[in-house]
Every structure is written in structure tokens, then in C-alpha cells.
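There are 2 protein chains.
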Amino acid sequence: MANEFDLIEQYFSRPVPEHFLGVGDDCALLPVDAGRQLAVSTDLLLEGRHFFSDVDPASLGHKALAVNLSDLAAMGAEPLACLLSISLPGIDHAWLKAFSDSFHALAAASSCPLVGGDTTRSVSGIVLSVTVLGQVDPALALRRAAARPGDDIWITGRLGAADVALRLLQGRLPSDPALLGATRAALEWPQPPLVFAQRLPGLAHAALDISDGLLQDLRHILKASRCGAELDYGALPVHPALAPLDEGLRREAVLSGGDVYQLCFTADPRMRERIVELAAQTGTELARVGRIVSGQGLVLRDAGGQPIDALGGGYDHFG
Amino acid sequence: MANEFDLIEQYFSRPVPEHFLGVGDDCALLPVDAGRQLAVSTDLLLEGRHFFSDVDPASLGHKALAVNLSDLAAMGAEPLACLLSISLPGIDHAWLKAFSDSFHALAAASSCPLVGGDTTRSVSGIVLSVTVLGQVDPALALRRAAARPGDDIWITGRLGAADVALRLLQGRLPSDPALLGATRAALEWPQPPLVFAQRLPGLAHAALDISDGLLQDLRHILKASRCGAELDYGALPVHPALAPLDEGLRREAVLSGGDVYQLCFTADPRMRERIVELAAQTGTELARVGRIVSGQGLVLRDAGGQPIDALGGGYDHFG
Numbered sequence: 001m002a003n004e005f006d007l008i009e010q011y012f013s014r015p016v017p018e019h020f021l022g023v024g025d026d027c028a029l030l031p032v033d034a035g036r037q038l039a040v041s042t043d044l045l046l047e048g049r050h051f052f053s054d055v056d057p058a059s060l061g062h063k064a065l066a067v068n069l070s071d072l073a074a075m076g077a078e079p080l081a082c083l084l085s086i087s088l089p090g091i092d093h094a095w096l097k098a099f100s101d102s103f104h105a106l107a108a109a110s111s112c113p114l115v116g117g118d119t120t121r122s123v124s125g126i127v128l129s130v131t132v133l134g135q136v137d138p139a140l141a142l143r144r145a146a147a148r149p150g151d152d153i154w155i156t157g158r159l160g161a162a163d164v165a166l167r168l169l170q171g172r173l174p175s176d177p178a179l180l181g182a183t184r185a186a187l188e189w190p191q192p193p194l195v196f197a198q199r200l201p202g203l204a205h206a207a208l209d210i211s212d213g214l215l216q217d218l219r220h221i222l223k224a225s226r227c228g229a230e231l232d233y234g235a236l237p238v239h240p241a242l243a244p245l246d247e248g249l250r251r252e253a254v255l256s257g258g259d260v261y262q263l264c265f266t267a268d269p270r271m272r273e274r275i276v277e278l279a280a281q282t283g284t285e286l287a288r289v290g291r292i293v294s295g296q297g298l299v300l301r302d303a304g305g306q307p308i309d310a311l312g313g314g315y316d317h318f319g
Numbered sequence: 001m002a003n004e005f006d007l008i009e010q011y012f013s014r015p016v017p018e019h020f021l022g023v024g025d026d027c028a029l030l031p032v033d034a035g036r037q038l039a040v041s042t043d044l045l046l047e048g049r050h051f052f053s054d055v056d057p058a059s060l061g062h063k064a065l066a067v068n069l070s071d072l073a074a075m076g077a078e079p080l081a082c083l084l085s086i087s088l089p090g091i092d093h094a095w096l097k098a099f100s101d102s103f104h105a106l107a108a109a110s111s112c113p114l115v116g117g118d119t120t121r122s123v124s125g126i127v128l129s130v131t132v133l134g135q136v137d138p139a140l141a142l143r144r145a146a147a148r149p150g151d152d153i154w155i156t157g158r159l160g161a162a163d164v165a166l167r168l169l170q171g172r173l174p175s176d177p178a179l180l181g182a183t184r185a186a187l188e189w190p191q192p193p194l195v196f197a198q199r200l201p202g203l204a205h206a207a208l209d210i211s212d213g214l215l216q217d218l219r220h221i222l223k224a225s226r227c228g229a230e231l232d233y234g235a236l237p238v239h240p241a242l243a244p245l246d247e248g249l250r251r252e253a254v255l256s257g258g259d260v261y262q263l264c265f266t267a268d269p270r271m272r273e274r275i276v277e278l279a280a281q282t283g284t285e286l287a288r289v290g291r292i293v294s295g296q297g298l299v300l301r302d303a304g305g306q307p308i309d310a311l312g313g314g315y316d317h318f319g
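Line by line, the protein sequences give chains Y and H. The first sequence runs 1 to 319 under our numbering. The second sequence runs 1 to 319 under our numbering.
Looking at chain Y on its own, in the form it has when it is part of the complex:
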């Protein structure tokens, strides 16, 4: 845009740590510790697909970075820096201030400064592309392929609220201001367990962040690790706002609801005590929900140990 450099200066340039070269050169330069590898992930977010046109710009600025930080967390990586490319149909200073303040607030809180990106005028709606860079000991990184039969399966946070909020906002559930009020923050202000995650390497084996739904995402670990899993339905951490819902809807939101940005990870049972201790130290909600087994497939069991044909078997998660 005509005043691209002014926009970058005004809203996106912030001081970066010493030894970093940030916004304003052809590349940003970043140090990676000897013995650690660079971890990198990127997400593309489009107006009308990934967020509503009237979304609160403050929540969008938070979420655009949070969903990427969640990928670093899923690898057990320590954040290093981020890049933001933004394309806007026009210049709305109030919008830009709210968006960038919120983005920078999370960047600062997670030690992940914005060091570069691209600014351009869009043809239609808002486009955001965020890339996060982190570092991790490659021998201990929480790869999807690292689960082993006998591992416990753990989940941080609570499931289902973001999915319910999305259904309400999309009109797929009848209007319910109280329910929306109780679930909306989970959708718009996701809080991936970043500090907890950075201390998991060495304690956990495989991990991923729940973005598409627990069952679908866990299947990626099972496929990559060539093993199966048993989940205890009653042990799954359900968001308290879902208590009044009917059981079918609650189950679907918990098992298949996306936008969670909490971790699902596996670990040797001998690590239970240390993992629980780490969760307590970092104020992280944590539930042990099942186990990795040899073979393949994903079985969900009720309190009596009987398999549940969740969601009417219409999903091939249970192949």
C-alpha cells in the first residue's frame, strides 16, 4: 500500500532482543543455540473462512499468533520469533491498533517477538499469514511418530467449548447468550499451554495440538507411530459450560470439536508423577485419558470398559 512503511513502523515494528536483526532488512536474523534445531510452523488465516468479518480485532491478533504458538508447544519447542504477513482491504487505524496491540501482547508474554513480515493491500478480505520460529533439542522434540505402546495419553485444558461457541455464532445452535458468554473465550482467546509444553521434552514422547478435533488429531499420532489407542470417555476433560447440553451434542463437541489449541501427548507411565508436578507448577489443567496400544485403531470405552460406538460410527476414526 502507499504507506506500507509507515504502517509497519507505526503498528508492527517493536524493539527486538539484542543479537536479533528485526523488521527493516531483507531478512530477520536470529540466533539458534548450538545443539538445538530450529522448529518452524506457519498458518494462513482468511476472512470468511477462518474468522468472521466482524471479529473483534483484538481477539484476532491474539488468536493468529496463539494457533501458531500452539504448534511450537506441540513440538515442545521454545519460541524464538514470529513473522506476520497481513493483507487488508483498507487502512482502519482503530482496527490496526487493536489487532497489533493484542498480537504484540501475546508475542511479549510468550517471548516470541515479531521480527518481520509483509504488508499489502488486499483485493477482497483480510488475509493473515503467521510463521513462528522456535528451538528444541532434536533428540527430545515431541514428534508425532514418537508414541509407544503402553504410553499414557494426556490432554491439557478442557474440550468442547470452542466448538459450541462456533456453532452458536454460525447459527447451527439456537441463540443462547448465556452459553455463548461461557464458551466464546475458548474460541476467540485460545491459551495454549506454552510454558508447560517447553518443559515436556524428556518427559513425554509424542504430542500434537488439538486443532481439528481430538479423534481426528489423535489419529495422526497413531498413524505416524504405527500403533492404536484406547480412550476412557469418562476421563476426558469436558468444559464446564457444556454441562446443560444434551449428551449427543456434548460428545460430538468433546470428541470432534476443533479450535481447542490444547495439547494431546503421550508419555511413559513412569513419568506420571513428574508430569502432574509440572502441571501443578505451571498452573496447567491436565487429564490422563487413555493409553497407547500395539496394533491399530482407536477405541473409546465407557466407565464399565465397554466400547462406545461414538457418533454413530459415521466417522472413519474408528477404522
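Keep in mind the hints are simulated off the structure, nothing from the lab. Hints are supplied without guarantee of correctness; some may be wrong.
The list treats identical chains as one, so a pair stands whether inside a single copy or across any two.
As the list claims (entries may be wrong) - No more than 20 Å apart at the CA atoms, straight line, and that leaves these computed lysine to aspartate or glutamate pairs for EDC-like: (1) Lys223 - Glu9; (2) Lys97 - Glu9; (3) Lys223 - Asp6; (4) Lys223 - Glu277.
Model, not experiment: these values are computed from the prediction.
Position chain H against the provided structure of chain Y, taking the given hints into account.
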């Protein structure tokens, strides 16, 4: 999109070097050599703004990566890997094959494998976001702030052809198939001097890639380095296809035409011989076009040494 994973598998997953973790986990993992820093840059490319809707997908696949590699070149960095996020209004397999084959061809030729990204269905046109990662000795990186009075100014490649091709395609110049044929490759298949650039650290001081036009881009070096420059107009490397054009248009294309993706760099005059030798070894066209001076401002001189009031003085490049 429904078959996001299939698309990634079919078109974008390729083997990556040993010790890399590529497409398919939450993050890609990459090694950075001890003593070197990570260099990272990103570009967002939108249909209808950065490329035409009917663009040849092979040239788009090449250019989307080339313009980012050009940023690594401008830092003197060695490519390490790249990320590609792509949003498409639908799935056109012929388009995807041409695009991805061309993208991967340049990735392979420049040792910059695709290790991650994002795939999504777009609301309107095609959106591309490419991020490149490289590594460089931080003490020798070609920063914009590193020019010193007395430095020579050098340019690789030839200027002006991409700008003329763009004007022809946009109808801002009368139709001229011969001229378009002679200039179009410069616009659609830019060839940044990647091998030459990786060997410049230690020989050159400041550098950048010419993307917005020589005068505007050089001004970034002058501002960051707090110095001025004198350019010899007759020494500028003009693309031969521009010979038949009238002088006013040629001058504008050479001085202010964008999309060049060649280097402008500064170096101590004592390095002349080694720089010329490096250009010969790497098959790089090279011209010495002026010098960095103390003070500020950019002066363009004709063959007799007289200042030229280029472009009617309407540009504040000559402030």
C-alpha cells in the same frame, strides 16, 4: 479443504534431507550450523495484485519461491528450507501439478526444500505465502546498514525488462508482441544470483535485492547506512530488449522499474578484483555503477559527470 491431506501428499510432500523433519508434523525441524544465524523472510502474494489470474502456474510456482530466495541472497545467506501456504478457490490438478513441479524444481536447484506450510480453500482468489529460511555468519551478513563512504556500488543482471513486460501486460504500453517476447521472462521467471550471493559475505558490505525499483531500494541502504550515493547513469546495466524504446521510458524502467530480483550491493574498492572474479566463476552479469559518499542524497550523473534531474525531479529519491 476436504482432501487437504491428499493434496499435500500428492503435490507438496517431497523427501527432505536427513536430519530434517519435514511436512507432516506440527513443526518442521531444521539444523542451523553452530556460529551461524538463522535468516528468515516471507512474502504474501495475492491474485489480482501480485499476479494475473491467468498467469502460467509454472511461472507462478517459480516466482513465488524466487522472490523469497532473492531476500536470502540480499543477506548473503545460504538457503536452508522453505514453507508454502496456498489457498485456492478449487482443486485444478493440472494447475497444481504445473505450479508444484516448478516450485520444487527451483527448491531443488537452490537447495531449499519445502518442509511445511498450510493448504486451505480460498474465499475468492489464489493466496500464496512463502517463507524462506537460510543461514549466514552474522558478522558478515549483508545488512542494509553496512555501506560505508568510498564503497563501490554494484548491480547484478540487467535492469528494466520486467517493468516493460508488466506495462505491456497491463496495457500501459501499446501492444508489441516482439517486445513482450523479449522481456516477459524477466518478469515471470526471475533468476536471483543465489550462488554468487552466498559467496559475497566477506567481500561486500551492504546489499539488497531490487524489487521496488533501483532508486527507491538503494534509498533504503542510504537511509540505514546514513550516507549518500552517486550513480553513473551510463554504467547502469540496461536490458538489451529496451534498446528500441524512447529514452524517457527506458530511463524510467531502469531507474524505477520493480520486479528485478537482482542484487544491488556495496563493497570496498579493494575488493574489485575478487568480486569480478567471483562473478566470472558463477556466470553472474555484474556492473559497477557508482559509489557511496558521505552526507546524504542520491545523485545521478551523465557521462560528463553532470547531475541528471532524472524523471523530472518528481521523485523525492533526490532529496
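Cross-check of the supplied hints:
1. Lys223 - Glu9: between (45 Å within a copy, 14 Å between copies)
2. Lys97 - Glu9: Cα proximity of Lys97 and Glu9: one copy only (12 Å, versus 39 Å across).
3. Lys223 - Asp6: between (48 Å within a copy, 15 Å between copies)
4. Lys223 - Glu277: Answer is neither; intra-copy 30 Å and inter-copy 53 Å both fail.
Going through the hint list in order, the structure does not satisfy hint 4, though it satisfies all others.
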